[in-house]
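Engineer: Starting from the given sequences, assemble the full structure and let the hints guide the process.
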Amino acid sequence: MKKTTVLILTLIFVSSIMAQPRGHHKTRMPHKSFGAIGMRSHGPQGFGQHSERMEMMMTWKLTEELELTPEQADKFFPRMKAHRDNIEGIETKLRETVKDIRRKVEDGKEISDSEFNKMFGKVTALEKQKVDEKTRFITELNGILDNTQRVKLTMFKNKFAREMKEQIRMKRKTRLK
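Take the sequence shown: its letters are residues 0 to 176, numbered as in numbering that gives the first Met the number 0.
There may be inaccurate statements among the hints.
[Stated by the list, open to error] Capping the alpha-carbon separation at 20 Å, the derived lysine to any residue pairs in SDA-like fashion look like this:
| hint | residue 1 | residue 2 |
| --- | --- | --- |
| 1 | 60 | 169 |
| 2 | 60 | 83 |
| 3 | 92 | 133 |
| 4 | 127 | 94 |
| 5 | 164 | 58 |
| 6 | 74 | 153 |
| 7 | 164 | 50 |
| 8 | 80 | 160 |
Hints in this document: simulated from the structure, not taken from any laboratory.
Structural biologist: Structural data, given as structure tokens:
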């Protein structure tokens, strides 16, 4: 099983590297783009190696946590990538929606009722799209993952984030000594 898992992870890692054009990373911090499930780490330009390692680690941990068979992994990971791309697109629209109104607030300008209502309506609609995408993704996995695996998947993001925070905290602690 371990050899199969290592083989799957290697194939997924190599295929994801080959599928990504150079310079595809957005300029933002790695922790900013958590999808519904899992985590996408897009570091600033020049931090691609960190991002790839984080992605590989997340894939490895997810494969291990869900105890995926090779057949499940073949079906699951392409769907997860599409889901995360959809979530990222929605999050980009959210950031764009609030950017102008945030600038006005920072500049101390007055915001009219109509501006607020328009922005709030867009944000609410986008948040609903995000929830709908998460629901669609988990529902789509019926027949690919069993219910226990789907529950573990929904809890994975928080567990993985806690583990990463703990690892960072431990590294900082050892550096200070």
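Engineer: Now tell me if each hint is right for this structure.
Structural biologist: Tested hints:
no., hint, result
1, 60 x 169, "holds, 19 Å"
2, 60 x 83, "holds, 17 Å"
3, 92 x 133, "holds, 16 Å"
4, 127 x 94, "holds, 15 Å"
5, 164 x 58, "holds, 17 Å"
6, 74 x 153, "holds, 17 Å"
7, 164 x 50, "holds, 15 Å"
8, 80 x 160, "holds, 18 Å"
In the structure shown, no violation is registered for any of the earlier numbered hints.
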